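Trainee: With these hints in hand, go ahead and build the complete structure from the sequences.
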Amino acid sequence: MKKTEPARVMDEERLDQLQRDAFGYFVQAMNPVTGLVADTTRENSPCSIAVVGFALSVYPVAVARGWMPRADAVERSLKVLRFFRDSDQSGAPDATGYKGFYYHFLSMDTGARVWRSELSMVDTALLIAGALTAARYFTASTPAEIELRELVELLYRRIDWRWAQDERGVIRQGWKPECGFLHYVWQGYNEAIVLYVLALGSPTHPADGSGYEAWTVTYQWENVYDYDVLYAGPLFIHQFSHAWVDLRGIQDHFMREKRSDYFENSRRAIMVQRAYAQRNPNEFAGYDDCCWGLTACDGPNRDMPELAYRCDPRHRLLGYSARGVPFGPDDGTLSGWAVLASLPFAPEIVLRAADTMLERYPGMLSGGRYTSSFNPTLAPDAPRANYDTGSRSSGAWYSTGHFGLDQGILVMMIENHRTGLIWQLMRGCPYIVAGLRRAGFRGGWLS
Amino acid sequence: MNTNGAPRDAFERERLDNVRPPHWRNPQPARRYGLVIIGSGTAGQVAAYEAAALGARVALIEHGLFGGNCLNVGCVPSKSIIRTSRLYAEMRNAKQYGVQVPRDIRVDFAAVMRRMRGIRARISRDESVRRLVAANVDVFFGDARFSGTDTVTVDGTELRFRRALIATGARPDTPSIPGLAEAGYLTNETVFDLTEAPRRLLVIGGGPLGCEMAQAFCRLGVATIIAQERPLFLPREERDAAQILAESFARDGMEVRLNARAVGVRVEHEQKLVDLVTDGDTSTVAVDAILTGTGRVPNVDELNLEAAGVSYDNTIGVHVDDFLQTGNRRIYAAGDACLADKFNHTADASARVAVGNALLSGRQRVSALVIPWCTYTDPEIAHVGLYVRQALERRIPVKTFTIPMHDVDRAITDDDEMGFVKIHVRERTDRILGATIVARHAGEMINEITLAMVSGIGLETIARTMHSYGTPRPRGSNSQLTPSAARV
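These protein sequences, in sequence, are chains A and B.
Each residue of the first sequence is one higher than the one before, starting from 1 at the first, in our numbering.
Each residue of the second sequence is one higher than the one before, starting from 1 at the first, in our numbering.
Everything labelled a hint here was simulated from the structure, so no lab data went into it.
Computed from a predicted model, the values in this text were never measured in an experiment.
Careful: at least some of the hints might be erroneous.
To be clear about the criterion: a stretch of chain A counts as covered by chain B if any three or more of its residues have a C-beta under 8 angstroms from a C-beta of chain B, and this derived list gives those stretches [stated by the list, open to error]:
(1) 176 to 183
(2) 216 to 224
(3) 321 to 331
Where a beta carbon is used, it is the ideal one built from N, C-alpha and C, also for glycine.
Mentor: Right, dumping it as structure tokens:
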């Protein structure tokens, strides 16, 4: 197993800069008319409603850190909240939403559904979590901030969570006007805790409580590489719900039984990531205990034949895909942002890895901001020109442009590590508290 | 493409001579049989030998070929061509073993099928009519129908029985897709008759049969698409297992269509056009052949079971209790005709249970059987016992000990690192509840776990047991497997 020594630890100044640069995405990618935020910086990118949720969550961070005037943040938030309030909720193929939920991808200009995308339950939850964050932060008695809070209440209260539950109570993943509910169901641990908490905490259309248990019986508690962990392969799963919900020291029935909690579980998931990278079973370039980060991200794909020849033919290039450990899929692509977004769980390990990775592969930053991914195995022998969707230089293939989800989770998790701002805000949100309690969470700050 | 039966070569003549001897004449029936068995597949033959060995007067009725699915259109032919297809895949990947890849790898499909027929003929010797007759069993060919609560008629001849066993097996369940019948399609009952490979093949169904055959044909050079209506293959198996299989298929070059439902078939310009719907979006694939592998239905509807007072339905099959006894206390059932687990070895085991209960007034429960199973893809996917979900639904706390195959030396030396061993134990004990293995030889590896479960051997004992080098255990220390070590 490969182990790197010694490695540097990132300093506070650099951390601050990375957080601020990540926040800059949301300033750059917002539509000034609708307030919607683009999924990526790539040309013709639509809006992702989840990215809007992250935007609403990071505006308060920017205000608190003095990066954005409060009035500006409120105005941006109001703009997009008003848009959702007035949006077409008919469920038509070109509407914006239905039953209080929203289609995953929307036109940046009109807010109409694009790409025949699904009405997404989890992405709606991320949007609403962001809205509730804004409502918890902007608490002044000004007309604008009062309106903001009223809009958030309206949007949250009109979501019909129960409609989205199947006969066992499990919340479905999506719905389309063309075919109704999708076949996919949440199976195994994933990012859905925040979805269930919001669904269970609703004062108007709360989800039936049976769904949370029906979901958690699909969990797998595994001993992997000597770590007892609630298994999920991609790193983002161990981060997303934690961005909003302070899961430190509180336990649901499953975690009480395992004498653990979700925060500790994310720490162990990091250890499994490191152990996998040390083993590096596919012998990809770059992997070691200070270079890891397999998650859902962009990546080189099979449409880039000029890249494929560099890879072992047994390893497919996966494009945008959820990569994970220890069973894969893994095509040698890592995400620097996913490492740094793990900061609250294991600060020293994460800072050392993040710093080392940036030192080795500085091309993973573009304009000071993390690209979605890099792949050292596909490093060119010599620097080459950019390709359409990626470039190869500085010892790796690098994804081009930026993705909103990556930037949002990074800003939030760095902030939670530095000040706990988002966690503090959401600990005061009565809907989150009610939802956690209905899901069976006890102890810690919930006591 | 020839689908009008396998070529009548020497192999086929030998097999048919064994499983349906020409000019066969049914014997004069005995006044009354101790056991009449309907069906000569695995369950039927095992029951016949067992009952004859116990001294019972036994009659066995078969309407088609001796040996049932397994020998003729199931395990034997499928595993034969799977082996060859694996060899072709290894030839193409020879470079990874430091071997010069042959320049011109051309699949001789006719030779593949000829080998399969040879194997089938050879194994048919062990399942021949003559062998069973030599064991003192009266063999009748013809359609069996119950004519009363203790009588069954075969082509006009009535057989009386003290006990009867329904072991009629199952047949392919054909999906009702508009245009499919008109366009023509293959099932496991016809696919092994092919003598030429189709250029392009659509496999409908992502269960064990569909997955095995899709991968085999893909590796035999057929441009293969597999369409599975569910979001994952093998819906019964663990998510990670199904995902690894999907990845393996993609590496083989197979086109994987998950969450895709076939809704219509038409023929244009001598090709079959199949409409697939995924989340409301329709696409069309053009192929030369379609293989359906969407499950099996029990052969129970032609037996006039009403006359015998035996209840049944066309989904589950014959209704039996935990002792495999039907509503008519004289009549039992075994194998695919009555069990949800439609495996050859389950048919074998259930037949033994049924014979013991029927002839010896035994009280052995079929629910007590520990049943392993394996899907013979590459990697193989094997399972025994409970899944984690089943355990948690029963409120049994579970912990899973996971060994990725990339932590197993032998898997590394063999370049077979795709997969894992997951052993589920009751938490804070070493009692094994179940296991899933995804590995090149998972079907063999699962047997150690099955033996442990049947014998009440815990995981700690397995971990303490000396294994020859290269068996799946973590590098470093086998104490990693022990729950007590994990507690420390």
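Trainee: Can you confirm whether chain B covers the region 321 to 331 of chain A, using C-beta to C-beta distances below 8 angstroms and requiring at least three such residues?
Mentor: Three-residue rule met by the region 321 to 331 of chain A, so holds; n is 4.
Trainee: Verify the coverage statement for the region 216 to 224 of chain A against chain B, using a C-beta to C-beta distance below 8 angstroms and requiring 3 or more qualifying residues.
Mentor: holds (count 9)
Trainee: How does the region 176 to 183 of chain A fare against chain B when you require at least three residues with a CB closer than 8 angstroms, holds or violated?
Mentor: With 6 residues close enough to chain B, the hint holds.
Checked against the numbered hints listed earlier, the structure breaks none of them; every hint is satisfied.
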